[in-house]
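Residue numbers (my numbering), protein chains in the order written: chain A, 1 to 235; chain B, 1 to 545.
In short, the hints are calculated from the structure, not lab data.
Please read all numbers here as calculations on a predicted model, not as lab measurements.
You may find that some hints are simply not true.
Claimed, not checked - Stretches of chain A that chain B covers, calculated by requiring three or more beta carbons in the stretch to come under 8 Å of a beta carbon on chain B: (1) 8 to 21; (2) 33 to 43.
Stated by the list, open to error - Computed far set for chain A versus chain B, every beta-carbon distance over 12 Å: (3) Phe57; (4) Ile73; (5) Arg96; (6) Ala100; (7) Ser109; (8) Asp175.
We put the CB at the ideal spot given by N, CA and C, even for glycine.
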Amino acid sequence: MEHNKVKLRVKFTKENLLRFISHLDLVNLFCRAVRRANIPIEYSSGYNPRPKIGFSFALPLGMVSLSEYADFILLEKLDEKIFIESLSKELPEDMRLLNANYVLLNSPSLTSTLNLAKYEVIIGQGDRQGDCPLFWGLSPFKDKLDKFMNNPDKTVLHRSKKGIKKTDISDIIKDINLIQDEDDAEGIADAVITMQLKISDKKNIRPQEILAAILNISEKDILRWSFTRTELSIE
Amino acid sequence: MLNNKQKELKYSMMKIFPYVTKPGRYLGNEINSVHKENADVKIVLAFPDVYEVGMSYLGFKILYEIINSRTDSLAERVYAPWPDMLEELNKNNVPLFSLESWRPLRDFDIVGFTLQSELCFTNVVLMLEYSGIPVLAKDRNEKEPLIIAGGSCCFNPEPLAEIFDFFVIGEGEEIINEIIDVYKKNKDKNRVELLKSFVRIEGIYVPSFYDVIKKRIVSDFENAPASIKPPVPYINIVHDRFTLEIMRGCRWNCRFCMSGNTCKPVRARSINTLIEIGKLGIKNTGYDEISLLSLNTADYKNAENLISEFTKTFHKDNVSISLPSLRIDLFSKEIACSIRKLRKPGLTFAPETGTDRLRKAINKNISNDELFNIADVVFDSGWNLIKLYFMVGLPTETFSDVEKIVHLIKKIKDIGKAKNRNVQIHLGVAAFIPKPHTYFQFHSMDSLSNLKEKINFLIKKLGENVKWHNPEQSFIEAVFARGDRKLSACLISAYKLGCKFDAWNEYFNFELWQKAFKECSIDPLFYLRERKSDEVLPWSIIKLS
Numbered sequence: 001m002e003h004n005k006v007k008l009r010v011k012f013t014k015e016n017l018l019r020f021i022s023h024l025d026l027v028n029l030f031c032r033a034v035r036r037a038n039i040p041i042e043y044s045s046g047y048n049p050r051p052k053i054g055f056s057f058a059l060p061l062g063m064v065s066l067s068e069y070a071d072f073i074l075l076e077k078l079d080e081k082i083f084i085e086s087l088s089k090e091l092p093e094d095m096r097l098l099n100a101n102y103v104l105l106n107s108p109s110l111t112s113t114l115n116l117a118k119y120e121v122i123i124g125q126g127d128r129q130g131d132c133p134l135f136w137g138l139s140p141f142k143d144k145l146d147k148f149m150n151n152p153d154k155t156v157l158h159r160s161k162k163g164i165k166k167t168d169i170s171d172i173i174k175d176i177n178l179i180q181d182e183d184d185a186e187g188i189a190d191a192v193i194t195m196q197l198k199i200s201d202k203k204n205i206r207p208q209e210i211l212a213a214i215l216n217i218s219e220k221d222i223l224r225w226s227f228t229r230t231e232l233s234i235e
Numbered sequence: 001m002l003n004n005k006q007k008e009l010k011y012s013m014m015k016i017f018p019y020v021t022k023p024g025r026y027l028g029n030e031i032n033s034v035h036k037e038n039a040d041v042k043i044v045l046a047f048p049d050v051y052e053v054g055m056s057y058l059g060f061k062i063l064y065e066i067i068n069s070r071t072d073s074l075a076e077r078v079y080a081p082w083p084d085m086l087e088e089l090n091k092n093n094v095p096l097f098s099l100e101s102w103r104p105l106r107d108f109d110i111v112g113f114t115l116q117s118e119l120c121f122t123n124v125v126l127m128l129e130y131s132g133i134p135v136l137a138k139d140r141n142e143k144e145p146l147i148i149a150g151g152s153c154c155f156n157p158e159p160l161a162e163i164f165d166f167f168v169i170g171e172g173e174e175i176i177n178e179i180i181d182v183y184k185k186n187k188d189k190n191r192v193e194l195l196k197s198f199v200r201i202e203g204i205y206v207p208s209f210y211d212v213i214k215k216r217i218v219s220d221f222e223n224a225p226a227s228i229k230p231p232v233p234y235i236n237i238v239h240d241r242f243t244l245e246i247m248r249g250c251r252w253n254c255r256f257c258m259s260g261n262t263c264k265p266v267r268a269r270s271i272n273t274l275i276e277i278g279k280l281g282i283k284n285t286g287y288d289e290i291s292l293l294s295l296n297t298a299d300y301k302n303a304e305n306l307i308s309e310f311t312k313t314f315h316k317d318n319v320s321i322s323l324p325s326l327r328i329d330l331f332s333k334e335i336a337c338s339i340r341k342l343r344k345p346g347l348t349f350a351p352e353t354g355t356d357r358l359r360k361a362i363n364k365n366i367s368n369d370e371l372f373n374i375a376d377v378v379f380d381s382g383w384n385l386i387k388l389y390f391m392v393g394l395p396t397e398t399f400s401d402v403e404k405i406v407h408l409i410k411k412i413k414d415i416g417k418a419k420n421r422n423v424q425i426h427l428g429v430a431a432f433i434p435k436p437h438t439y440f441q442f443h444s445m446d447s448l449s450n451l452k453e454k455i456n457f458l459i460k461k462l463g464e465n466v467k468w469h470n471p472e473q474s475f476i477e478a479v480f481a482r483g484d485r486k487l488s489a490c491l492i493s494a495y496k497l498g499c500k501f502d503a504w505n506e507y508f509n510f511e512l513w514q515k516a517f518k519e520c521s522i523d524p525l526f527y528l529r530e531r532k533s534d535e536v537l538p539w540s541i542i543k544l545s
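Chain A with its partners taken away, still in its complex shape:
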């Protein structure tokens, strides 16, 4: 039976309310969904067998993603559309399976291949002027971003388990921009900050932390903004 095993790489979203469950919760969610859908999946061996599903780097809690990936080790080849249909039936509506493609069984893991992430941060969404203490107009933001990107020294303070330390993120941050929408009917513009960051298991700094450090805003305040990971890809 061994030679029938296949690896199916699935792209999915994590949206809306589901942004508030953790990566581990997501893993459990998939394990149970796969069981309910009766997907012929391989199990790990040992004391506590679990369905073999591999993931890319954990999405931070509180973030929406339109581009997540998971690898399923199946015991037999299923039609991709049928897989998506049957598993989707068992998933909550705030999660969509976008596509599924078979990859080589021995292809490198998701964590070792996907290393570039694009983020969109919507400033002031739902927080119109009176509401949002951070909305002093966009030019201060634009200035801080430009200043940071033009500065060869890109160190930020990073809070890790070991404490607070200065970290150089010049190798992580590829691009950061502020895009302003045209003024809407009320004369107020929505603004979007886009970020392109490299991700790896060695330097794992959350985009919220990075943006907070660059704009000199507390992380507590930055939680008001809506962060979305729009793409996970290979650099």
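Using the hints provided, position chain B relative to the given structure of chain A.
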């Protein structure tokens, strides 16, 4: 589909979620949660503790499915928000809302609490306050929902008699349908007439109409509705597995045990029915573990057969079986054999005492020698971990009985050593509470200082493998378990002083409780004293048979 008001609340809450721990507690929308727009009778099942604890409660899973299976009723859920969320709700002026529809509790017809522990009572007050619902029954009018309670603490309902409109005594599967039927027929009547209409239902205690109440049981347990499609949480909860009851009641008459008495008679489900329930449950939830519940698993006729059928049916799909309760004296090589397939790290037993004499006094008739034989079998069967539960403060107990617990543990460790094994013995110690409807109900509770001395002794002698219940928490439990109506006002005082989440060490505050007792001019020791045999007990209005 949510209406505008509900959508507004949802979006406000989404702005709050980044600021609280485990926002997963408040999302709802779990697989198997039921969303109905409307129904003649709208019930919200309220668990007075946090989501992770409340979601494990089997009783609510059963009721949720029964109520939602009717076209004329709907059931939603609400759990006590954690204090950091309470702060946010306060700050943003948001009332407590149900998970399924973001609906304030006020908008339901009936709010049904379950009372599993006296330490959750302050959270009942908390949840009513956060819902803008008057806490005292007499202050509620036709615009407010009926506030009712069920669960094991209802076997002495008096301490909460001024708060709840009525109590359900005993098992709920059949009575819930009667409650819905009666409510439908009488909901347009005024409050007093509405409550009066429930008096006729056997097993319901309406405090404003004093009467003797007989507990309800489900006689056809084999065919009673089991939970087969419970909501599956997104976050980790306590006992995160599919749960089904194999048996109710217990044939042993341990003198301290309230459950044994209140859950009689013994009723069991057949293996075939249990397997069917298990299959449906796994299909609907996707869980990888089934827990078989009863008060004493080994008492199930053909327990070995039950275990082997379950392992045969479910192991091939990588679903494991868990058996929480096992009584020592029925443990044998045969049971050990069948359990071995269950992949348990260790086994749990409850000797309760260190000496044969004291064990006999509480009618748990097993000797230390038998216990040693069992330890022998357990170690021979391959397990290295035994968990043992004990109580301190039992009637006729002397300090020497407590000292003998240490000897017992040492002897069991020696048995393991003789087999060249590094065995671990973990202990659980709790203070004995003389509970209502037990042989010891007239007995007094041991003093707080004695209890502390005994527990500290065991911790000193046995070290970090001792898990112990704070005797001050047991003190409060006991006061309310043995209390009367005067305690309702005291409970509200305690809440107003800041008591909440009393089952949690980080929130339990004994000084505040003592302040509350003082404020209400109540001596809590009055409830813990010995009762005379001709004394009328507050819980004597409840008849078990």
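Here is what the structure says about each hint:
1. For the region 8 to 21 of chain A, the proposed coverage by chain B is satisfied: 4 residues have a C-beta within less than 8 Å of a C-beta in that chain, meeting the threshold of three.
2. Restraint check on the region 33 to 43 of chain A versus chain B: 5 residues with Cβ-Cβ distances below 8 Å, three needed, restraint holds.
3. Even its closest Cβ contact with chain B, about 20 Å, leaves A:Phe57 beyond 12 Å, as expected for a residue assigned away from the interface.
4. Listed as a non-interface residue, A:Ile73 keeps its Cβ farther than 12 Å from every Cβ of chain B; the least gap is roughly 14 Å.
5. Every C-beta of chain B lies more than 12 Å from that of A:Arg96, the closest at about 15 Å, which supports listing it as non-interface.
6. Residue-level check passed: A:Ala100 sits 19 Å from the nearest beta carbon of chain B, beyond 12 Å.
7. In this structure A:Ser109 is separated from chain B by more than 12 Å, as the shortest Cβ-Cβ distance comes to about 23 Å.
8. The beta carbon of A:Asp175 is kept farther than 12 Å from every beta carbon of chain B, the shortest such distance being approximately 25 Å.
Comparing the model with each earlier hint shows no violations; every hint is respected.
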